[in-house]
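Based on these hints, arrange chains B, C and D on the given structure of chain A.
Chains as they are written, first to last, in the working numbering: chain A, 1 to 184; chain B, 1 to 184; chain C, 1 to 184; chain D, 1 to 184.
Bear in mind the hints are in silico, worked out from the structure with no lab data behind them. It should be emphasised that the depicted structure is a prediction, and the values quoted were computed from it without experimental measurement. Among these hints, one or two may not hold up.
One copy or two, it doesn't matter: identical chains are merged, so the pair holds either way.
Computed list of lysine-lysine pairs in DSSO-like fashion (alpha-carbon distance at most 27 Å, straight line) [claimed, not checked]:
| hint | residue 1 | residue 2 |
| --- | --- | --- |
| 1 | Lys144 | Lys183 |
| 2 | Lys59 | Lys165 |
| 3 | Lys63 | Lys109 |
| 4 | Lys22 | Lys165 |
| 5 | Lys144 | Lys110 |
| 6 | Lys183 | Lys110 |
| 7 | Lys56 | Lys144 |
| 8 | Lys110 | Lys63 |
Here are the chains, one letter per residue:
4 protein chains.
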Amino acid sequence: MKLTHFIGSVSIVLFASHAAAKVHIVNQGLSEKEVLGAQNGWCSALVNISAIHKDKGVKHARKLAKEVIDAAYGYQMGAVLFKPTLTVVPQTFRPTSDGALSYFVGGDKKYPNDKGFALMGWTKCEVDNDSVFIAGNSASTIGKVHFTAPDGSVTSVDKSWVFVKDDAGDIRIVLHHSSLEYKG
Amino acid sequence: MKLTHFIGSVSIVLFASHAAAKVHIVNQGLSEKEVLGAQNGWCSALVNISAIHKDKGVKHARKLAKEVIDAAYGYQMGAVLFKPTLTVVPQTFRPTSDGALSYFVGGDKKYPNDKGFALMGWTKCEVDNDSVFIAGNSASTIGKVHFTAPDGSVTSVDKSWVFVKDDAGDIRIVLHHSSLEYKG
Amino acid sequence: MKLTHFIGSVSIVLFASHAAAKVHIVNQGLSEKEVLGAQNGWCSALVNISAIHKDKGVKHARKLAKEVIDAAYGYQMGAVLFKPTLTVVPQTFRPTSDGALSYFVGGDKKYPNDKGFALMGWTKCEVDNDSVFIAGNSASTIGKVHFTAPDGSVTSVDKSWVFVKDDAGDIRIVLHHSSLEYKG
Amino acid sequence: MKLTHFIGSVSIVLFASHAAAKVHIVNQGLSEKEVLGAQNGWCSALVNISAIHKDKGVKHARKLAKEVIDAAYGYQMGAVLFKPTLTVVPQTFRPTSDGALSYFVGGDKKYPNDKGFALMGWTKCEVDNDSVFIAGNSASTIGKVHFTAPDGSVTSVDKSWVFVKDDAGDIRIVLHHSSLEYKG
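Pulled out of the complex, with its shape left as it was, chain A reads as follows:
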């Protein structure tokens, strides 16, 4: 039985004569809309990096990628649980931001196998969620993400994200696990 069950014939007006506008609200929770917006933002950022790479070269792509990582991931919280799609042992995971940057734009001798995932000319990126679990101050998603290449072909990956909201109210990725589909 819910508490709201008791709201019945004896109607109670909330905030009646009191100015609701003056109530101070701090909301550190994550709404479904915010989660979907963050996923959309990640896809947009990837396509933007690919576009800038094509138009202005790798230097500008690297600069934008760094801005995206600083804005979108939670590296300043201590570590990010990041397993990109195409990394190999022994550098499968990228707990530091330089490892993330290398994955997206390559060019870092410390990560010799990284070719730059964001430099592959993606023209479209589409989020296709299977399930979303909002735990309150964190939210998890799982599903497919579909990437369209310059030749129009589509690559689908399985992707999990965990998001949290930081003190400034911005959403940050704290877990990102991406993998190619198993083909049986």
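The following block gives chains B, C and D in isolation, referenced to the frame of chain A:
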């Protein structure tokens, strides 16, 4: 800088050809609307108990009060942090549900000073929030609550609540601190 | 600057003459130890199912697998974000418990490609975390899990988990993403 | 049934040959120990302000009080749900930090009734919890706090706190409700 900053000219449609309706959503977070609804529900329940007491007597009032406490407080989680307005040492706090029931409807020899706050004939109960802080899976509120007595007089108390959402998705009070106004 | 900075020469004894034992504690948070225990429990359960399958047959293995899923995953919360290692399109994700059961022990016509991952005779299962992020009421992990087959060969997978604690205080898996290593 | 139930005869060693020391840990949860430490820190800070006021005057007391408020409360998150013991209508609540500072050390024309609670010469401050509820990323406490005055007399108040951990890992008060005991 927010992640959504990157949603720009390269527009990305989320869930485009994929049926959003099929996405499984579990949301254990607390929205502002749910918090205000729970506060409203508490006030309604109090007025309802007073009305039933007047119409049908204390037995029915006690039965309803027990239902309200079971539905609205988190006693089944282990303990509730409850400091009612009119309790005295050494029974100031009511960490168990029988202590809460006694406060609202009296009649329990273990709590000899309880007269039954919900039996005082309240005809109106109004929530007047100063501030709300939503931490995600819990939410705190502070403000005045104004109670109208049968003679039309209004008593205002200072009241804090902390709410959580249980596994069934129902909102429960885990902290409730109420106190008479300090008059200087 | 931390609040505890102010604990200095003017020493204050907490709970001095007051019996700390009487304080009511409800703790819905997840400790690092609890997270590691849950991971260990998952590995143990998998090896146990393999052992029972070998000793007593698939019927007993199925019964145990069902118990494990009911105890370890959060299906009763609405859905689990589960991408097992060896599932294929269009049944990549298993948001319902029957999909999880089929993955572990097979034998369900609705999931024709499932062969039963827990029936493969695993003799050892080892968790090898890269990073752990505890958000309070939820905790995320990412890393390798190493499975030893009957012939002694080891298969390593990349695995992410998100855990929450339910109202009863038990830890449950709400996200589980497992994938074979990318080989370049 | 708990997941750890399955850890049985088939013993699994976690982190066996893999160096646990290399695991990246981010913990934004609140432990019981951290909560008690924060309460203790608040009491210590109050006694320290009283001591500095006596030794060096109100100017130094004000400076320390400001440092304490900035370190201990969550005003930078947007608002704090603060109902001090001795405030009166219409300034009962102190959602902004200048209102908190005025309460503790007085001397602000905007708050004419504030005399400076921390200037009253408190020589001892003792936390006496009734109940603690840890929701994960937030924690609530309720109980008595006992203040010893210069003449040795003790004043007991009923006090609730809600704490959260900020991005830097420091604990902050987001709700503080204090009230004189009801005497019947």
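Each hint tested on the structure:
In this homomeric assembly, lysine 144 and lysine 183 come within 27 Å of each other (Cα to Cα) both inside a single copy, at 15 Å, and across copies, at 21 Å. When the C-alpha separation of lysine 59 and lysine 165 is checked against a cutoff of 27 Å, the pair qualifies neither within a copy, at 30 Å, nor between copies, at 38 Å. For a Cα distance limit of 27 Å, the shortest separation of lysine 63 from lysine 109 inside one copy, 18 Å, qualifies, whereas the shortest one across copies, 51 Å, does not. For a Cα distance limit of 27 Å, the shortest separation of lysine 22 from lysine 165 qualifies both inside one copy, at 24 Å, and across copies, at 26 Å.
When the C-alpha separation of lysine 144 and lysine 110 is checked against a cutoff of 27 Å, the pair qualifies only between copies, where the shortest distance is 21 Å, while the shortest distance within a copy is 30 Å. In this homomeric assembly, lysine 183 and lysine 110 come within 27 Å of each other (Cα to Cα) only across copies, at 19 Å, whereas the closest approach inside a single copy is 31 Å. Proximity of lysine 56 and lysine 144 under a CA criterion of 27 Å is satisfied in neither setting, with 30 Å inside one chain copy and 38 Å between copies. In the homo-oligomer, the alpha carbons of lysine 110 and lysine 63 lie at most 27 Å apart inside one protomer (19 Å), although the nearest pairing across protomers, at 49 Å, exceeds that limit.
When held up to the earlier numbered hints, the structure conflicts with 2 and 7 and fits the remainder.
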